[in-house]
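A.B. asks: Sequences are here, hints too, so could you generate the full structure?
Chains as they are written, first to last, in our numbering: chain A, 1 to 56; chain B, 1001 to 1222; chain C, 2001 to 2222; chain D, 3001 to 3245; chain E, 4001 to 4215; chain F, 5001 to 5215.
FYI, nobody ran anything at the bench for these hints, they're computed from the structure. Backbone N, C-alpha and C fix where the C-beta goes; we use that ideal spot for every residue, glycine too. Certain hints may be false.
[Said to hold, decoys possible] Rough simulated footprint, nothing fancy, chain D against chain A, three-plus residues with beta-carbon under 8 Å:
id : stretch
1  : 19-25
2  : 35-49
[Said to hold, decoys possible] Simulated restraints on C-beta separations:
id : chain 1 : residue 1 : chain 2 : residue 2 : range
3  : F       : 5001      : E       : 4129      : 32 to 38 Å
4  : F       : 5163      : C       : 2014      : 41 to 47 Å
5  : E       : 4113      : B       : 1017      : 51 to 57 Å
6  : A       : 51        : B       : 1203      : 53 to 59 Å
7  : C       : 2010      : A       : 26        : 57 to 63 Å
8  : E       : 4021      : D       : 3024      : 48 to 54 Å
9  : F       : 5104      : E       : 4055      : 51 to 57 Å
10 : B       : 1186      : A       : 25        : 36 to 42 Å
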Amino acid sequence: MNGLDIWMRENPITYVVLGSYAVAFLIFAVEIAMVRHKRKITLQQVRLMRDAGDEE
Amino acid sequence: MSGLFMLVIRRDLMLAMRRRADVLTTLIFFVMVVSLFPLGVGPEMDMLRKMAPGVLWVAALLSSMLSLGRLFSADHLDGTLEQMMLAPQSLSMLVLGKMAAHWMVSGLPLVLMAPVLGIQFDMSAEALGILIVGLLLGTPILSMIGGIGAALTLGLRGGGVLLSLLVLPLCIPVLIFGTGAVEAVSTGLSVASHLSLLGALLVLALAFTPWVTAQALRISME
Amino acid sequence: MSGLFMLVIRRDLMLAMRRRADVLTTLIFFVMVVSLFPLGVGPEMDMLRKMAPGVLWVAALLSSMLSLGRLFSADHLDGTLEQMMLAPQSLSMLVLGKMAAHWMVSGLPLVLMAPVLGIQFDMSAEALGILIVGLLLGTPILSMIGGIGAALTLGLRGGGVLLSLLVLPLCIPVLIFGTGAVEAVSTGLSVASHLSLLGALLVLALAFTPWVTAQALRISME
Amino acid sequence: MAINWFKYSAPTTFYGLAGKLIPWFGISAAILFAVGLYIGFFVAPTDYQQGEFYRIIFIHVPSSIISMFLYLIMAGYAAMGLIFNTRLSSMMATAIAPTGALFAFISLWTGALWGKPMWGAWWVWDARLTSELILLFLYLGYIALHASIDDPRRADRASALLAIVGSVNVPIIYFSVQWWNTLHQGSTIKFSGTSMHVAMQQAMFITLVACWLYAIAVILARVRSIILERERHTKWITELPEVKN
Amino acid sequence: MLEVSNLACSRGDHRLFSGLSFELHPGQIMQVQGENGSGKTSLLRTLCGFLMPDEGDILWNGGDIRELEEEYYADMLYLGHLNAIKDELSGLENLRISAGLSGVELDEKEAIAALRRMGLKGRELLPTKVLSQGQRRRVALARLLVSDAKLWVLDEPLAALDVGAVALIQELIAEHLARQGMVIFTTHQPLLVSGMEMRTLTLTRAGSGAGGRMA
Amino acid sequence: MLEVSNLACSRGDHRLFSGLSFELHPGQIMQVQGENGSGKTSLLRTLCGFLMPDEGDILWNGGDIRELEEEYYADMLYLGHLNAIKDELSGLENLRISAGLSGVELDEKEAIAALRRMGLKGRELLPTKVLSQGQRRRVALARLLVSDAKLWVLDEPLAALDVGAVALIQELIAEHLARQGMVIFTTHQPLLVSGMEMRTLTLTRAGSGAGGRMA
Ligand code: HEM
Ligand SMILES: Nc1ncnc2c1ncn2[C@@H]1O[C@H](COP(=O)(O)OP(=O)(O)OP(=O)(O)O)[C@@H](O)[C@H]1O
Ligand SMILES: Nc1ncnc2c1ncn2[C@@H]1O[C@H](COP(=O)(O)OP(=O)(O)OP(=O)(O)O)[C@@H](O)[C@H]1O
Ligand SMILES: [Mg+2]
Ligand SMILES: [Mg+2]
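C.D. replies: Structure below.
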């Protein structure tokens, strides 16, 4: 833990950018990816349902 | 033999995974219980650091108790337990499978989560390491002892009271050795002796609890 | 109206008496959680005295959570809940009855047990008195808020843990005011304001939770 | 027929409208982020007390504020869904929850990161921190309950009830926690935001708006998927261009 | 009088029935027929107000049951697939409590008499968990003897009962009808009520076109 | 071959039956009859080894079932009042697991075929909690199709089933007997197995003198 402390004091900007902003934007990116994935899956399902419905 | 063991594990994990949220829920619950203590006790770090191992262990015990209550009772109510007893294989093996599945769902995630929570309590890295090893040895024991309790409380008639009184205190040694090991770090006492006692308990539990639980189930079913 | 209330209380108490093990399990759990801390933290009386209210309150909260799972689920499984919803009287009243019975079975024994445990922590007589008053006001709130959670999680897998996940955050103010009152004794601050806040919460809970729980039950039954 | 039209109109028009709006919100969020962070990192001066560490504020404060407001908005939508039985409101509530939880998490994470250099600890049991943590639990409870119920109509109504109860409780929690903490001891190191530089204020305001726009874009995108999923049996869904091909 | 008009109900993706209409007047009895899974239980539960219908109205003496609520519940009695009895309590306690819930105060003597008439002599004080399946059903059915509800909604009342008990239930239903009561029930076993015209409502399987047909 | 000699069983203070003896040979079927509470379920559960008889022996191929244990259980299949299916799992998963427990590995295709034969087409993948009472019973009964047990012990297999399903069960039993299987069952509804001599064992009500009578 001590090593981290020293490193942090020497490179505050790196610490801030990597620790907060990189993580925050990573989270945003993951959320966007999840939303897009969900849309893809849902569209697939809807098409599947429609095709199944047509057969009946 | 081991086929049945795997089948039961697979079945119970499937039941748990049916709601993927389930596993997460246990975890969040653990986090929440741990966070309650500072709220009750107050924010002084010194005191919190001292309480940490006890708090984490109690929270682990609690999450395993809350999820164990229904280990057999759900199967009992819908008749699956009867069918399990009619399986042409050893009941102990089957019981062991159920316990293992329970541990994977409710014990293992806690062990992995514990260090993060330890940081909230400002625990040292060494103490965290010991905590994890202790939990790895101890949580399976909790699942197994809890299994006996769950089996005994199935068909409670008068006698059951006495039995559940016996089971809960059985968990106390686990808690004491588990917390003791972590405290030994800070007081400089021997950690190894605590951990090896936990290990011995684990071996004992593995050897006896499945059989005892199977007997308890047979009694409860009559 | 109040006939139904009494009927439900009588019924639930009767059932609890038939399964005495359940009541005892809650109580033993409470005692165990509380007694674990002196074992974990070590014998320094100063620190123990400071921790005492927090530990007792958290333990009370957790043990009431332990028994909440069964509040409605047993009645749900055997169809009694359906019949209760068809009773030609207000469902809120009936729910209030069940909450009251739950408190008598799982809250009241804790309140009575608390002073004995408080002595283990070297609490002063005055602090013990405040603790008991606080618990008397607070534990019914826990049962009532818990009722909402129990109704919402009816028939869901992972019941017990999910239930606590929903309910624990909502119970935090009770915990804070309850422990605050006891700590105010030692710091010489106003005890009355904490207790009157607890009282206000109790009145609020009495006014709203039965109705909310009744709505939750109707949703869950669909 | 008239009833049918009324019943389906809301999600139908909303679906198209949201689809058109999302890119605008998304692009302006990206631009504002860029501008805000530029000002924050290159224009705003170094704080004489905290050095460079204070620059975490441009993500920390917006996410804290948004996580709190989103809970209220979510509860509002949920209540509307429960009382007026409008399906779109329930879907909005469901769509908001994950974003709210993520912002609460970002707030906790960035706060912890800030705390290490400032207080020397990742975490202290300060009132504001604690209530933010509880807020995260409330979000997670809502999400977990919604996910555990199979029937979406039932899930909507049950979790709406929870959200409402939670929103009544949030102020109580907030004050109780504050009181709990201040009674104990002189509050731990607190940041005094009085002497904030203009550039800092500007940067924070711009990133706040950017975060709002981002949140709206993501929520709208999510609600579109939810509409598709829930309404998949209706005719208008099967006639959508993206479904047809 | 119970009026159902244009009722439609679906579970999950399946439309169980739609456009269902019927009236039930005092003294009338109606059997709901259909294969397994055709929606009989769902219909009865909709009549109880547990399930929200997709469309249509259910009126009791002219008022919507969702608005009448307790007034309606005072007039009706529902027995479902589940017995709604507590394993740990005796038949006597169970009967008194369930009667109490529906607003009928019962003293011990009356309760015992009812249980005896249901053929549970000597078993009144045993915890119901030791009783046989049929005996537990009889404890649940004993409510029919002590209720003053006008409308009985019975979901497979004959399940697990032996021939003697089936005859007894037939008798009880006949008495109830003679008192101008109303009965809706389902069963897969034949149930004959003497001297009464039995109306039947047949639900056809969801796959083969949803709908109900009155006979 | 199942041999029961001089069996006696009592629950609580009640002697349910005593001096009960019978033999069941391959290809034979026996119905246990009696009023509610006469001890049919208790007899079947004693044959499964759940209950300890007061007196008498139960022999399977000459060995005591309490000593044979797993060997005996590999040869028999019991279906009780309870369905032994998990609400959260689909019919498919339930069937594969319950077959697995009794030692039969089943692939997905076989399981679906069995469920379809039980009339559950289109419901194979729904969680069983949304199924109707009869459909859940059918999921439980699907085990009969995939089991290779010689002795079937069925406690009211027809409960909650509609006419079509009852006919199917009759067919299954007939096939099983033709394969030299054995069946013991109880029911309150008539069950006719074509081309087989049905033996009946009547248990008389405890009150009126305990005992069993073979016909
Ligand atoms: C895990 C730790 C933290 C959490 C959960 C947290 C949470 C919050 C929340 C919820 C707010 C919004 C409060 C409001 O609008 O009233 C906030 C604002 C703020 N936080 Fe933090 N915080 C944390 C750590 C820190 C640290 C370490 C600092 C700096 C030393 C800090 C500085 C600020 C400032 C300057 C504001 C805005 C000022 C204001 O609105 O009053 N926070 N934080
Ligand atoms: N979520 C769902 N998705 C698809 N189908 C569903 C769902 N929920 C219920 N069902 C179907 O709805 C029907 C419910 O039928 P119900 O219980 O009313 O039948 P029933 O006529 O009472 O049958 P039984 O004679 O077996 O008691 C079943 O066919 C079931 O499969
Ligand atoms: N502890 C006890 N004390 C007295 N009687 C008991 C006790 N336990 C069980 N019994 C009686 O034993 C009998 C059990 O019967 P069992 O369940 O075998 O009946 P069954 O023939 O299967 O009836 P059904 O047709 O209703 O299923 C019941 O009459 C029950 O009342
Ligand atoms: Mg039905
Ligand atoms: Mg029986």
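A.B. asks: If a hint holds in the structure, say so; if it does not, say that too.
C.D. replies: Do the hints match the structure? See the list:
1. 19-25: holds (count 5)
2. 35-49: With 10 residues closer than 8 Å to chain D, the stretch 35-49 of chain A meets the three-residue bar; holds.
3. 5001/F / 4129/E: 32 to 38 Å: holds, 35 Å
4. 5163/F / 2014/C: 41 to 47 Å: Holds: the Cβ-Cβ distance is about 43 Å, inside 41 to 47 Å.
5. 4113/E / 1017/B: 51 to 57 Å: holds, 53 Å
6. 51/A / 1203/B: 53 to 59 Å: Given about 57 Å between the Cβ atoms, the range holds.
7. 2010/C / 26/A: 57 to 63 Å: This hint holds: roughly 59 Å between Cβ atoms.
8. 4021/E / 3024/D: 48 to 54 Å: This hint holds: roughly 51 Å between Cβ atoms.
9. 5104/F / 4055/E: 51 to 57 Å: violated, 46 Å
10. 1186/B / 25/A: 36 to 42 Å: 40 Å Cβ-Cβ, so the 36 to 42 Å window holds.
Of the numbered hints listed earlier, the single one contradicted by the structure is hint 9.
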